[in-house]
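For the record, the sequence lines run as chains A and B. All residue numbers for the first sequence refer to the numbering used here, where the first residue is 106 and numbers rise by one. All residue numbers for the second sequence refer to the numbering used here, where the first residue is 6 and numbers rise by one.
A few of these clues could be false.
Pairs of lysine to aspartate or glutamate, DMTMM-like flavour, derived with a Cα cap of 20 Å [stated by the list, open to error]: (1) LYS150/A x ASP184/A; (2) LYS145/A x GLU85/B; (3) LYS207/A x GLU96/B; (4) LYS268/A x GLU47/B; (5) LYS207/A x GLU125/B; (6) LYS128/A x GLU138/B; (7) LYS207/A x GLU138/B; (8) LYS268/A x GLU80/B; (9) LYS128/A x GLU96/B; (10) LYS129/A x GLU85/B; (11) LYS154/B x ASP116/B; (12) LYS268/A x ASP116/B.
Note that these hints are calculated values from the structure, not bench results. Small disclaimer: the values here were computed from a predicted structure and weren't measured.
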Amino acid sequence: MKITILTIFPEFFESPLRQSLLKKAIDSGVLEVELIDIRKYSTNKHNTVDDTPFGGGGGMVMKIEPLYDALSTALYESDTQNRRIVLTSAAGRKYDHATAVKYSLFDHLIVVCGRYKGVDERISRFFDLDEISIGDYIINGGETAALVILESVFRLLPGSIHKIESALSDSFSDELLGAPVWTRPAEFLGQRVPDVLVEGDHARQERFRRWCALKRTVENRPDLLWRAQLSDEDRGMLESIAAGREFEN
Amino acid sequence: MDQELIAIGKIVRAHGINGELVVIPLTDFVDRFDDLESVVLEAPQPRRLAVRSVRAHKQQLLIALETIDTRNDAEAHIGEFLSVTRAELVELPEGTLFQFDVVGMEVRSEDGEDLGKIVEIIEMPANDIWRVEGRRSFNLPASGNIILKVDRTARVVTIRLLEGLLDLQ
């Protein structure tokens, strides 16, 4: 698979592309990454790639000419039709795993790193673009988002991740968050591991873990509770958690 | 399939001057290194090397392999995997599956409808998500009230088709 990244900061990607699994994927030929410096396609002598928006308003807008030329070059040099162009944009559709899976099936992914307030809207008249946002927060530019897309896509490519000898249980979890865990030492700077875990009563430990899992789920992911399989004992625990009591039993 | 390699460790550093390798275990069964006789190194081409010694070192392992005798030898292998073949995998405790075996299994509804194949396991805090690709692709929560049966021999997972499940894209 080939991933082309169009950016005004190609050096941003130097270090990540040299690290661990990404490097391995590139070295082994599973992945080819091409960086295109949009600034090289600037048409004026100051190499500017941005300008003020028509109609006023704050911020700068990425100009269309350099981006158009850079994208045209990327497409001209693309040797497959099985490709997709992605524009990172705060206004885009939310990126998720399913999208990563979809992108990993293309032979060529072209990612345009948006910058500034946005990209001249007319770019979408010339190219079929997926506008993608990695989340509802502001980052300096699309480079970080492009890296997220790059990493999530490449690890789905065959050969880039090894099969490892890890196992999972065939009795499946019941949709609660896992209970917190502790390890030695039993006391650290005055903080002790819960007594129940140090004493040898395994049935009680089991109830304690269940209590903790329920409490954590209530606190962090209450949405998981509605589909969890709860016993009468669980319901009792939930009531006492809701009443603010500590684990007793 | 029998020559398929499964990684059990990754070489991250050289240790000392005699070619010892610092290895991060990539297995849920770290004790398996105690009586490991040989491993396969994959690059540049797969070859089997006898294990001379294994000792624990913090959360990692120090492993000496035949023909790797100097620090230079050891450094040349940084980043590589120590692997075994399928026949050499540890015997699984009852009630467990290898993650990589789940990948590729077929998913069917209780009524026998073919829903696709599992392509990936994504570990999540509440329960794992199994990515299923088929006529429709969806994210299957590997949870007790959805997964009814895993048939290892037939490589089929039977699920309860809860309303809205196929919409978990």
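(message) Name the hints, by number, that the structure is in violation of.
(response) Hints 1, 2, 3, 6, 8, 9, 12 are the ones this structure does not satisfy, whereas the remaining hints hold.
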